[in-house]
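J.: This is what each chain is made of:
There are 2 protein chains.
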Amino acid sequence: MGAIATEVVSGLAIAQDTRIVLTVIDGLGGLPHPKTGQSELETARTPHLDKLAAGSVLGLCDPVGVGITPGSGPGHLGLFGYDPVRHQVGRGALSALGLNFPLQPGDVAARGNFAAVDAQGCITDRRAGRIPTELSAKLCARLRAITIPGAECFVQPETGYRFLLVMRGAGLSAALTDSDPQTTGQPPRPIRPQQPEAAHTAELVNQFIAQAHRILTDERPANAVLLRGFAERPSLPSLTELYGLRPAAIAVYPVYHGLARLAGMTVLDTGTDFAAEVETLRKHRAEYDFFYVHYKWTDSAGEDGDFDRKVALLEAFDAHVPALLDVEPDVLVIAGDHSTPAVMGAHSWHPVPFLLHAKTVFPDQTTTFSERACMQGGLGRFPATDAMPLMLAHAGKLAKFGS
Amino acid sequence: MGAIATEVVSGLAIAQDTRIVLTVIDGLGGLPHPKTGQSELETARTPHLDKLAAGSVLGLCDPVGVGITPGSGPGHLGLFGYDPVRHQVGRGALSALGLNFPLQPGDVAARGNFAAVDAQGCITDRRAGRIPTELSAKLCARLRAITIPGAECFVQPETGYRFLLVMRGAGLSAALTDSDPQTTGQPPRPIRPQQPEAAHTAELVNQFIAQAHRILTDERPANAVLLRGFAERPSLPSLTELYGLRPAAIAVYPVYHGLARLAGMTVLDTGTDFAAEVETLRKHRAEYDFFYVHYKWTDSAGEDGDFDRKVALLEAFDAHVPALLDVEPDVLVIAGDHSTPAVMGAHSWHPVPFLLHAKTVFPDQTTTFSERACMQGGLGRFPATDAMPLMLAHAGKLAKFGS
Chain A
1 MGAIATEVVS GLAIAQDTRI VLTVIDGLGG LPHPKTGQSE LETARTPHLD KLAAGSVLGL
61 CDPVGVGITP GSGPGHLGLF GYDPVRHQVG RGALSALGLN FPLQPGDVAA RGNFAAVDAQ
121 GCITDRRAGR IPTELSAKLC ARLRAITIPG AECFVQPETG YRFLLVMRGA GLSAALTDSD
181 PQTTGQPPRP IRPQQPEAAH TAELVNQFIA QAHRILTDER PANAVLLRGF AERPSLPSLT
241 ELYGLRPAAI AVYPVYHGLA RLAGMTVLDT GTDFAAEVET LRKHRAEYDF FYVHYKWTDS
301 AGEDGDFDRK VALLEAFDAH VPALLDVEPD VLVIAGDHST PAVMGAHSWH PVPFLLHAKT
361 VFPDQTTTFS ERACMQGGLG RFPATDAMPL MLAHAGKLAK FGS
Chain B
1001 MGAIATEVVS GLAIAQDTRI VLTVIDGLGG LPHPKTGQSE LETARTPHLD KLAAGSVLGL
1061 CDPVGVGITP GSGPGHLGLF GYDPVRHQVG RGALSALGLN FPLQPGDVAA RGNFAAVDAQ
1121 GCITDRRAGR IPTELSAKLC ARLRAITIPG AECFVQPETG YRFLLVMRGA GLSAALTDSD
1181 PQTTGQPPRP IRPQQPEAAH TAELVNQFIA QAHRILTDER PANAVLLRGF AERPSLPSLT
1241 ELYGLRPAAI AVYPVYHGLA RLAGMTVLDT GTDFAAEVET LRKHRAEYDF FYVHYKWTDS
1301 AGEDGDFDRK VALLEAFDAH VPALLDVEPD VLVIAGDHST PAVMGAHSWH PVPFLLHAKT
1361 VFPDQTTTFS ERACMQGGLG RFPATDAMPL MLAHAGKLAK FGS
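Chains as they are written, first to last, in the numbering used here: chain A, 1 to 403; chain B, 1001 to 1403.
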């Protein structure tokens, strides 16, 4: 990342009674539909975003680096100003954060799946037919009966077939391989240490798995567990420590709450749709000076390969732009954590459209909000870690560097 | 270089049955002709490249860094994904690689010129009237009679007046100054150590030069040798180690074979023109998944200051574009190792046009292939080391970063 060092930006931070709203449209970037040659954003009717673009500065943002396809974690951390290569967060830690589980130093967390295995112990379904959260919660309650000498185990349900495992005890290490082979037709893999000091932890986790499989043996379809992403509690300086911000997060899904907490944001209670999120923003507008507002649904449509639904969801977002402006942010950013082109049905490495609106921008000549407009934008192509100094600057929250 | 760390990209590499073709047009970038205001690329009629540009993403590539004029070595290494500042390869090592000389650890290699000196020992021609390879080979055979106590000497002819000197022995060091003053009217300079531990090697090389001059004293025009670019064997991780690629190189001239071998590429036998190179590519298309194909002649025309010849050579390249596409590369890149504007008659620091064609590109709005079109391209301006992650990503050879 070629961006200015966080330490330099942090050293310039000053208090200023201004408000930043960073809106993250998940999986924002797309690719042209083979029939029309137009991307999701280019196809969508987005009059409010287009009007906003005309008075804003646009650009294309690389979340992690050119050519790198980001997961949700690194995609967000970059926009929050943290170099995602320097700050790598394991899936287990992300799950714990999402559930607001109070991970302590030394704890080891893993993301679990309830899965189905056949009589030979080979995986037939890595998600156990996507069992509902209610069943998962009952199974988690049964797994809490597991006792491992030398470690306390916490098992908490996430959404659907997902759960969180946390082990707490002396001398644990997260340097462990996954048991999830990420494919079917094979048995779950034994957990192995990646470093010698993790050998003891590997043994304890394998004991947990063996006991779990005994407990689940007569269950259908969820008769096995898969564990992956072993991680310890990550430690990032908060946005308050770095820039003196009072940051708040508005998001529907737990994993984004977890990411926001990593950055030291207060997670605000909200509803289950974007109208509720915008209402939460309006209600709390005076209490915080940095809001991260997350719009999830575009990514899901992209991952499903549903071009038309992604278009419709971009149009639905567009309808909320006036309400975002009504909050009178001094800086309003419309960004994405990564691209999810519907034609690929997956996250991709393509740079992500970025729009910055503030009284102090030099508007470029773009009059629409799209990938191609952003290619011509005044911000050019830049690493995501540039977003935070840009937002702070346009909010008047950075002092002069040098005399 | 602001690019993502090689280690990160390497860690994401996955196997995928796709093919990358990286075409390097040597000295591709140019400058406007003072009479027409159009560069070599803008003047050339390149219908195939222009058509390709319309379905591709373009940009401007800095081989080493903004303002830095690259030699052939760094210009290529950047495109191969190696930071050319971190991996500096001496001219002597490059010569050895080009001749496929088995340089061993501890060997010291230098690039030699046969030159002409007058009765006072002052250089009258640094290239001895560009003597032919046949004469150079005979002179090299005579120089092999030289014996130096404590070191074995290898002398091998390159093309024309060029030769390679390798010294092998205990305690040698390549930290030596050149004997070639890079100008006429002066005597060759004595070799001096750049570090104290190289004093012994300097003495041995000066003995070699003294003996060579005695042997050549009655030769005309080549009665002297000039040595430069003392270097030891460089060690780069191969593209196979880094990314699991099976890489092959197709180039006419030895120095490019040497650069390709540095990156661990297999050098394929080919003919003496670009048609032969494309035929070699076609023939071996199924055996490798990364091809570096080199087009030399544009650079020579640029160095000769021959604007019209460079234009004609760009047009000649253009005619081969359909044959390159016939190989059905999943990723086709048209790049250059550096600019060689004919109006300057030399390599230059100007950023180099870059075109990437793949099913997964978001085509920008450019419809021609030229410096000015690339200024408007969707890739923006980027360091050459971004090229490798870009090519790998578009070939589906990189996994997601983080969850």
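Keep in mind that the hints were calculated from the coordinates and are not lab data. Some hints here could point you the wrong way.
Said to hold, decoys possible - Which stretches of chain A does chain B cover? Using the computed rule of at least three CB atoms under 8 Å from a CB of chain B, they are:
{"#": "1", "segment": "55-65"}
{"#": "2", "segment": "361-368"}
To be verified - The calculated lysine-lysine pairs, modelled on DSS-like cross-linking and capped at a C-alpha distance of 25 Å, are:
{"#": "3", "chain 1": "A", "residue 1": "K296", "chain 2": "B", "residue 2": "K1400"}
{"#": "4", "chain 1": "B", "residue 1": "K1283", "chain 2": "B", "residue 2": "K1296"}
{"#": "5", "chain 1": "A", "residue 1": "K35", "chain 2": "B", "residue 2": "K1051"}
{"#": "6", "chain 1": "B", "residue 1": "K1359", "chain 2": "B", "residue 2": "K1400"}
Stated by the list, open to error - If you only want the chain B side, here are some residues facing chain A, beta carbon under 10 Å, derived:
{"#": "7", "residue": "I1004"}
{"#": "8", "residue": "V1009"}
{"#": "9", "residue": "F1101"}
{"#": "10", "residue": "T1133"}
{"#": "11", "residue": "L1135"}
{"#": "12", "residue": "A1137"}
{"#": "13", "residue": "F1154"}
{"#": "14", "residue": "V1155"}
{"#": "15", "residue": "T1159"}
{"#": "16", "residue": "L1325"}
{"#": "17", "residue": "P1363"}
{"#": "18", "residue": "Q1365"}
{"#": "19", "residue": "D1386"}
{"#": "20", "residue": "M1388"}
{"#": "21", "residue": "M1391"}
{"#": "22", "residue": "A1399"}
Ideal Cβ placement from N, Cα and C applies to all residues, glycine included.
J.: If a hint holds in the structure, say so; if it doesn't, say that too.
T.: So, going through the hints one by one against the coordinates:
no., hint, in the structure
1, 55-65, "holds (count 3)"
2, 361-368, "violated (count 0)"
3, A:K296 / B:K1400, "holds (19 Å)"
4, B:K1283 / B:K1296, "holds (21 Å)"
5, A:K35 / B:K1051, "holds (19 Å)"
6, B:K1359 / B:K1400, "holds (19 Å)"
7, I1004, "holds (3 Å)"
8, V1009, "holds (7 Å)"
9, F1101, "violated (35 Å)"
10, T1133, "violated (42 Å)"
11, L1135, "violated (49 Å)"
12, A1137, "violated (45 Å)"
13, F1154, "violated (41 Å)"
14, V1155, "violated (44 Å)"
15, T1159, "violated (37 Å)"
16, L1325, "violated (18 Å)"
17, P1363, "holds (7 Å)"
18, Q1365, "holds (6 Å)"
19, D1386, "holds (4 Å)"
20, M1388, "holds (8 Å)"
21, M1391, "holds (8 Å)"
22, A1399, "holds (7 Å)"
When each numbered hint is compared with the structure, violations occur for hints 2, 9, 10, 11, 12, 13, 14, 15 and 16.
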